[in-house]
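Peer 1: Going down the list, the protein sequences come from chains A and B. Position 115 of the first sequence, counting from 1, maps to 115 under the numbering used here, and the rest follow consecutively. Position 62 of the second sequence, counting from 1, maps to 62 under the numbering used here, and the rest follow consecutively.
Just to be clear, a hint being listed does not mean it is correct.
[What the hints assert, rightly or not] Pairs of lysine-lysine residues, derived as PhoX-like cross-links and limited to a Cα-Cα distance of at most 20 Å, are as follows:
{"no.": "1", "chain 1": "A", "residue 1": "Lys64", "chain 2": "B", "residue 2": "Lys62"}
{"no.": "2", "chain 1": "B", "residue 1": "Lys182", "chain 2": "A", "residue 2": "Lys8"}
{"no.": "3", "chain 1": "B", "residue 1": "Lys76", "chain 2": "B", "residue 2": "Lys62"}
{"no.": "4", "chain 1": "A", "residue 1": "Lys35", "chain 2": "B", "residue 2": "Lys22"}
{"no.": "5", "chain 1": "B", "residue 1": "Lys182", "chain 2": "B", "residue 2": "Lys170"}
{"no.": "6", "chain 1": "B", "residue 1": "Lys178", "chain 2": "B", "residue 2": "Lys131"}
{"no.": "7", "chain 1": "B", "residue 1": "Lys74", "chain 2": "A", "residue 2": "Lys21"}
{"no.": "8", "chain 1": "A", "residue 1": "Lys8", "chain 2": "B", "residue 2": "Lys178"}
{"no.": "9", "chain 1": "B", "residue 1": "Lys170", "chain 2": "A", "residue 2": "Lys8"}
{"no.": "10", "chain 1": "B", "residue 1": "Lys170", "chain 2": "A", "residue 2": "Lys21"}
{"no.": "11", "chain 1": "B", "residue 1": "Lys178", "chain 2": "B", "residue 2": "Lys76"}
{"no.": "12", "chain 1": "B", "residue 1": "Lys20", "chain 2": "B", "residue 2": "Lys74"}
{"no.": "13", "chain 1": "B", "residue 1": "Lys20", "chain 2": "A", "residue 2": "Lys21"}
{"no.": "14", "chain 1": "B", "residue 1": "Lys76", "chain 2": "B", "residue 2": "Lys66"}
{"no.": "15", "chain 1": "B", "residue 1": "Lys22", "chain 2": "A", "residue 2": "Lys64"}
{"no.": "16", "chain 1": "B", "residue 1": "Lys76", "chain 2": "A", "residue 2": "Lys21"}
{"no.": "17", "chain 1": "B", "residue 1": "Lys62", "chain 2": "B", "residue 2": "Lys22"}
{"no.": "18", "chain 1": "B", "residue 1": "Lys74", "chain 2": "A", "residue 2": "Lys35"}
{"no.": "19", "chain 1": "B", "residue 1": "Lys66", "chain 2": "A", "residue 2": "Lys64"}
{"no.": "20", "chain 1": "B", "residue 1": "Lys20", "chain 2": "B", "residue 2": "Lys62"}
{"no.": "21", "chain 1": "A", "residue 1": "Lys35", "chain 2": "A", "residue 2": "Lys5"}
{"no.": "22", "chain 1": "B", "residue 1": "Lys62", "chain 2": "B", "residue 2": "Lys74"}
{"no.": "23", "chain 1": "B", "residue 1": "Lys22", "chain 2": "B", "residue 2": "Lys66"}
{"no.": "24", "chain 1": "A", "residue 1": "Lys5", "chain 2": "B", "residue 2": "Lys74"}
{"no.": "25", "chain 1": "A", "residue 1": "Lys64", "chain 2": "B", "residue 2": "Lys7"}
{"no.": "26", "chain 1": "A", "residue 1": "Lys62", "chain 2": "B", "residue 2": "Lys62"}
{"no.": "27", "chain 1": "B", "residue 1": "Lys138", "chain 2": "B", "residue 2": "Lys170"}
{"no.": "28", "chain 1": "A", "residue 1": "Lys5", "chain 2": "A", "residue 2": "Lys21"}
{"no.": "29", "chain 1": "B", "residue 1": "Lys182", "chain 2": "B", "residue 2": "Lys138"}
{"no.": "30", "chain 1": "A", "residue 1": "Lys8", "chain 2": "A", "residue 2": "Lys35"}
{"no.": "31", "chain 1": "A", "residue 1": "Lys8", "chain 2": "A", "residue 2": "Lys21"}
{"no.": "32", "chain 1": "A", "residue 1": "Lys5", "chain 2": "B", "residue 2": "Lys170"}
{"no.": "33", "chain 1": "B", "residue 1": "Lys7", "chain 2": "B", "residue 2": "Lys138"}
{"no.": "34", "chain 1": "B", "residue 1": "Lys66", "chain 2": "B", "residue 2": "Lys20"}
{"no.": "35", "chain 1": "B", "residue 1": "Lys74", "chain 2": "A", "residue 2": "Lys8"}
[Claimed, not checked] Label pairs and their computed distance ranges (CB to CB):
{"no.": "36", "chain 1": "A", "residue 1": "His70", "chain 2": "B", "residue 2": "Asp71", "range": "24 to 32 Å"}
{"no.": "37", "chain 1": "A", "residue 1": "Lys62", "chain 2": "B", "residue 2": "Gly167", "range": "45 to 53 Å"}
{"no.": "38", "chain 1": "B", "residue 1": "Lys62", "chain 2": "A", "residue 2": "Glu61", "range": "17 to 25 Å"}
{"no.": "39", "chain 1": "B", "residue 1": "Lys182", "chain 2": "A", "residue 2": "Lys62", "range": "37 to 45 Å"}
{"no.": "40", "chain 1": "A", "residue 1": "His70", "chain 2": "B", "residue 2": "Val13", "range": "24 to 32 Å"}
Since the hints were made in silico from the structure, they are not lab data. Computed from a predicted structure; not experimentally measured. Think of the CB as a built atom: it goes at the ideal place given N, C-alpha and C, for glycine as much as any other residue.
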Amino acid sequence: MEQYKFEKGDLELLAMGGLEKEREDFVILYLQSDKNLQEEYADIEEHLHGMAIENGITPPEKIKQGIESHIFSGHESSGFKVIIGSKWFRHAALLLLLGSVAFNLMLLRNNSIKVSAAIETSNAALLASLPFEESNFEDMFQYIESELMKQPCQMDYKATIAFLTSKGLNTTENLSFLNKHNGHCDCEVLMNVSQMFPLDNYKHGSIVPRSHRDGDIKVSLFPISQNASLLSLNLRNGEMFF
Amino acid sequence: MTLFPKKINIEEVNLVALLKNKDETGFQILYQNYSSAIYGIIIRMLRSEDEASDMMQEVFIKIWNKIDSYDHRKGKLFTWMSNLTRNLVIDRIRSADYKNHNLKIFVRDDNVRVVDKEHQSKLKIDAIGLKGLVSDLKPDLRVLIQKIYFEGFTQADLADELGIPLGTLKTRVRAAIKALRKQFD
Numbered sequence: 001m002e003q004y005k006f007e008k009g010d011l012e013l014l015a016m017g018g019l020e021k022e023r024e025d026f027v028i029l030y031l032q033s034d035k036n037l038q039e040e041y042a043d044i045e046e047h048l049h050g051m052a053i054e055n056g057i058t059p060p061e062k063i064k065q066g067i068e069s070h071i072f073s074g075h076e077s078s079g080f081k082v083i084i085g086s087k088w089f090r091h092a093a094l095l096l097l098l099g100s101v102a103f104n105l106m107l108l109r110n111n112s113i114k115v116s117a118a119i120e121t122s123n124a125a126l127l128a129s130l131p132f133e134e135s136n137f138e139d140m141f142q143y144i145e146s147e148l149m150k151q152p153c154q155m156d157y158k159a160t161i162a163f164l165t166s167k168g169l170n171t172t173e174n175l176s177f178l179n180k181h182n183g184h185c186d187c188e189v190l191m192n193v194s195q196m197f198p199l200d201n202y203k204h205g206s207i208v209p210r211s212h213r214d215g216d217i218k219v220s221l222f223p224i225s226q227n228a229s230l231l232s233l234n235l236r237n238g239e240m241f242f
Numbered sequence: 001m002t003l004f005p006k007k008i009n010i011e012e013v014n015l016v017a018l019l020k021n022k023d024e025t026g027f028q029i030l031y032q033n034y035s036s037a038i039y040g041i042i043i044r045m046l047r048s049e050d051e052a053s054d055m056m057q058e059v060f061i062k063i064w065n066k067i068d069s070y071d072h073r074k075g076k077l078f079t080w081m082s083n084l085t086r087n088l089v090i091d092r093i094r095s096a097d098y099k100n101h102n103l104k105i106f107v108r109d110d111n112v113r114v115v116d117k118e119h120q121s122k123l124k125i126d127a128i129g130l131k132g133l134v135s136d137l138k139p140d141l142r143v144l145i146q147k148i149y150f151e152g153f154t155q156a157d158l159a160d161e162l163g164i165p166l167g168t169l170k171t172r173v174r175a176a177i178k179a180l181r182k183q184f185d
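Extracted from the complex, chain A is given alone in its bound form (with noise of 0.2 Å):
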């Protein structure tokens, strides 16, 4: 490693940016240490200062706009950046997430609620509603099951009616209960009246309530002599087709 020597001339050349890089620090150090030598550096600028004014050259206006526009939009920028960066900032964000977190979880509980209110209070009417016993609709459901396994459903109410009069229901005004809630026919009121109970025992899987009346529908059902195997029903508007 070169050794340096503080040499006369050392400043002159320091104060005007002739040193290289190395013998610059080494210089700028051994300055720091001499009280003198700082005064004479300091009196060296000065006049290299003077000389650099005695030779300025005003710039053009443009310039100084173009500087500014520069660092002044930049500066705003920066500001809004030191903003977001933050601990402040980072911590009030935090707040405001996790605040916003337990709001939302707190509607999503309360929706819930009103939710389950809602079903329950629905089911309760719907149970009111009923123009004879909930398990005789159970009864009447699995009757008429076991007579469409027999013979497909012929648009009609043979099956139902015949399960209200063994029952000794009115038919008039039971019919006119299945048929407000979409049991048109024997068929429908297995598919679509079961429907609407809340219990998992009337469910019917995939099935989609639908009427006869809205287009097309295949009814799968199942083999309905000993030799019929699948037998696929079309029915399109209440017309029936194999």
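Since chain A is already given, all that's left is putting chain B on it; use the hints.
Peer 2: This is chain B only, laid out in the frame that chain A set:
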């Protein structure tokens, strides 16, 4: 004639504090007090008004952004600014745009016309000589100041350029600055 015309009086430590706080007033004072001196250095190094304008903006933006790295224990603000300016200009000269140039291109006789501050924009900048008290120095001393201070030569580059030993160069530089200080005093 005052030594520092149009200068806004402010303690350097206060100006630096304003600049470090990114205070616009600090910038206005800085520009008012130092822009001409800095531009004088830049335009003597680059010889082109367009290039000098771009460089001037780059220099002041750098000063604004790097003011935190200024250490008053290492020297006055203007010394730091002028060294930063020379380094930036030298970087530009050595950049791709200037790859066909080198510092020696800019060595020329300083015995040329003086630029009028008020009309400098109308002048073609082929060469800008030194003015003021430095121009009264003996040519062999004056050229040292011009090449190092206004053209960015290092001591080694200049000693090589002039074909003199480093020690001799230092002695001459010291003599040149001594003569300059004498002129001002």
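Peer 1: State for each hint whether it applies.
Peer 2: We went through each hint and held it up to the structure:
1. Of the pairs offered as hints, the one joining Lys64(A) and Lys62(B) holds, with about 14 Å between alpha carbons and a cut-off of 20 Å not exceeded.
2. Using a Cα cut-off of 20 Å, the hinted pair Lys182(B) and Lys8(A) holds, with the two alpha carbons roughly 18 Å apart.
3. At most 20 Å may separate the alpha-carbon atoms for a hinted pair to count; Lys76(B) and Lys62(B) meet this at roughly 17 Å.
4. Between the alpha carbons of Lys35(A) and Lys22(B) the distance comes to roughly 32 Å, so the proposed pair goes past 20 Å and is violated.
5. For the proposed pair Lys182(B) and Lys170(B), the alpha carbon gap of about 18 Å is at most 20 Å, so the pair holds.
6. Using a Cα cut-off of 20 Å, the hinted pair Lys178(B) and Lys131(B) holds, with the two alpha carbons roughly 17 Å apart.
7. Proposed proximity of Lys74(B) and Lys21(A) is supported: the alpha carbons are some 13 Å apart, at most 20 Å.
8. Annotation: proposed proximity of Lys8(A) to Lys178(B) holds, straight-line Cα distance about 12 Å (limit 20 Å).
9. At most 20 Å may separate the alpha-carbon atoms for a hinted pair to count; Lys170(B) and Lys8(A) meet this at roughly 7 Å.
10. For the hint pairing Lys170(B) with Lys21(A), the CA-to-CA distance comes to about 16 Å; that is within 20 Å, so the pair holds.
11. For the hint pairing Lys178(B) with Lys76(B), the CA-to-CA distance comes to about 19 Å; that is within 20 Å, so the pair holds.
12. A threshold of 20 Å between alpha carbons decides the hint, and for Lys20(B) with Lys74(B) the separation of about 17 Å falls inside it, so the pair holds.
13. Between Lys20(B) and Lys21(A) the CA atoms are separated by roughly 25 Å; this puts the pair beyond 20 Å, and the hint is violated.
14. Note on Lys76(B) and Lys66(B): the hinted pairing holds, with a Cα-Cα distance of about 15 Å set against a maximum of 20 Å.
15. As the CA atoms of Lys22(B) and Lys64(A) are separated by approximately 16 Å, the hinted pair is consistent with the 20 Å bound.
16. Annotation: proposed proximity of Lys76(B) to Lys21(A) holds, straight-line Cα distance about 18 Å (limit 20 Å).
17. With a C-alpha separation of about 13 Å, the suggested pair Lys62(B) and Lys22(B) falls inside the 20 Å cut-off, and the hint holds.
18. A distance of roughly 13 Å separates the Cα atoms of Lys74(B) and Lys35(A); the hinted pair therefore holds under the 20 Å criterion.
19. For the hint pairing Lys66(B) with Lys64(A), the CA-to-CA distance comes to about 18 Å; that is within 20 Å, so the pair holds.
20. Restraint check for Lys20(B) and Lys62(B): the C-alpha separation of about 13 Å stays at or below 20 Å, so the hint holds.
21. Only pairs whose Cα atoms come within 20 Å are accepted, and Lys35(A) paired with Lys5(A) is accepted, the gap being roughly 18 Å.
22. Proposed proximity of Lys62(B) and Lys74(B) is supported: the alpha carbons are some 18 Å apart, at most 20 Å.
23. Proposed proximity of Lys22(B) and Lys66(B) is supported: the alpha carbons are some 11 Å apart, at most 20 Å.
24. Taking the CA atoms of Lys5(A) and Lys74(B), the gap is near 19 Å; set against the 20 Å cutoff, the hint holds.
25. Note on Lys64(A) and Lys7(B): the hinted pairing holds, with a Cα-Cα distance of about 17 Å set against a maximum of 20 Å.
26. Proposed proximity of Lys62(A) and Lys62(B) is supported: the alpha carbons are some 18 Å apart, at most 20 Å.
27. Between Lys138(B) and Lys170(B) the CA atoms are separated by roughly 16 Å; this keeps the pair inside 20 Å, and the hint holds.
28. Distance hint between Lys5(A) and Lys21(A) is fulfilled; the C-alpha atoms sit about 15 Å from each other, no more than 20 Å.
29. A C-alpha spacing of about 13 Å is found between Lys182(B) and Lys138(B), which places the hinted pair at or below 20 Å, so the restraint holds.
30. A distance of roughly 16 Å separates the Cα atoms of Lys8(A) and Lys35(A); the hinted pair therefore holds under the 20 Å criterion.
31. Of the supplied pair hints, the one linking Lys8(A) and Lys21(A) holds, its CA atoms being roughly 18 Å apart against a limit of 20 Å.
32. A C-alpha spacing of about 13 Å is found between Lys5(A) and Lys170(B), which places the hinted pair at or below 20 Å, so the restraint holds.
33. Between Lys7(B) and Lys138(B), the direct Cα distance comes to roughly 29 Å. Violation of the 20 Å bound is thereby established for this hinted pair.
34. As the CA atoms of Lys66(B) and Lys20(B) are separated by approximately 9 Å, the hinted pair is consistent with the 20 Å bound.
35. At most 20 Å may separate the alpha-carbon atoms for a hinted pair to count; Lys74(B) and Lys8(A) meet this at roughly 18 Å.
36. Taking the beta carbon of each, His70(A) and Asp71(B) are about 25 Å apart, inside 24 to 32 Å as hinted.
37. Taking the beta carbon of each, Lys62(A) and Gly167(B) are about 46 Å apart, inside 45 to 53 Å as hinted.
38. In this structure, Lys62(B) and Glu61(A) meet the distance hint of 17 to 25 Å, their C-beta atoms being roughly 20 Å apart.
39. For Lys182(B) paired with Lys62(A), a C-beta distance near 39 Å keeps the hint of 37 to 45 Å intact.
40. A hinted range of 24 to 32 Å holds for the C-beta pair His70(A) and Val13(B), which are about 26 Å apart.
Hints 4, 13, 33 from the earlier list are contradicted by this structure; the remaining hints agree with it.
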